[in-house]
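Take these sequences, add in the hints, and give me the full structure.
Chains as they are written, first to last, in the working numbering: chain A, 1 to 118; chain P, 1 to 118.
No false leads were slipped in.
No copy labels: a pair is met if it fits in one copy or bridges any two.
In silico lysine to aspartate or glutamate, DMTMM-like type, Cα no more than 20 Å apart, as pairs:
#, residue 1, residue 2
1, LYS109, GLU11
2, LYS74, GLU111
3, LYS91, GLU11
4, LYS91, GLU36
No lab work stands behind these hints: they were computed from the structure.
Computed from a predicted structure; not experimentally measured.
There are 2 protein chains.
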Amino acid sequence: MRALGKHLIVELYGCDSRLISDVDYVQDVMMLCAKEANTTIIDSLFHGFKPYGVSGVIVVQESHLSIHTWPEHKFASVDFFTCGDHSDPWKAFKTVKKKFKSKYFSIMKMERGVLLNE
Amino acid sequence: MRALGKHLIVELYGCDSRLISDVDYVQDVMMLCAKEANTTIIDSLFHGFKPYGVSGVIVVQESHLSIHTWPEHKFASVDFFTCGDHSDPWKAFKTVKKKFKSKYFSIMKMERGVLLNE
Chain A
1 MRALGKHLIV ELYGCDSRLI SDVDYVQDVM MLCAKEANTT IIDSLFHGFK PYGVSGVIVV
61 QESHLSIHTW PEHKFASVDF FTCGDHSDPW KAFKTVKKKF KSKYFSIMKM ERGVLLNE
Chain P
1 MRALGKHLIV ELYGCDSRLI SDVDYVQDVM MLCAKEANTT IIDSLFHGFK PYGVSGVIVV
61 QESHLSIHTW PEHKFASVDF FTCGDHSDPW KAFKTVKKKF KSKYFSIMKM ERGVLLNE
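Right, dumping it as structure tokens:
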């Protein structure tokens with residue numbers, strides 16, 4: 001049985017509201033995550049909402065990384081979807097957790113594109 | 001108990017390889033999905049890989065939609081992450097399944113940002 005991709009679904013609670021409000025900081029952290037996961041960046045999109053909140057995605061050769069933040073709840077939802085044995089989304093998880101000073105979290109790993117017949 | 005977002009994790013098997021190879025078609029379908037789900041598009045990024053495969057993300061006011069296709073496996077992984085009661089990712093799911101002529105699929109709905117204390 002083979003899976004095409006690994007997808008980490010991360011819920012970060014108890015984050016530093018100031019940090020996850022800052023679109024430039026969030027973008028820098030996610031770019032660092034892409035590097036830590038050993039992915040190759042194709043392009044990225046980040047957007048700051050009024051009055052607060054950031055959304056961002058990075059398309060990488062190996063799939064994508066995404067984030068949505070709710071500073072008012074000290075919360076961020078993060079997805080790391082990577083393909084290929086060379087990339088490691090767990091390293092990105094460690095980075096994002098640390099950089100947003102998340103106090104507690106949930107994480108789930110999914111296999112995407114499970115191919116039973118190959 | 002309140003959740004900030006709804007996330008549909010969709011695996012589409014048995015897709016039409018020709019359709020999911022075509023970056024313009026994939027983008028058009030995902031844009032239609034964003035509309036069907038009643039989301040407001042902020043920006044989008046789509047990329048065609050050599051020799052085949054498409055990756056794309058749409059950042060919407062309500063979070064994001066993403067897709068990765070593997071035409072060689074007739075397979076696409078699609079995520080619809082939306083916030084707010086006005087948006088309905090299930091409508092997007094019906095659209096993408098039909099437009100890629102997927103023969104079978106798996107789907108999982110997750111609640112993102114579950115806030116126990118509010």
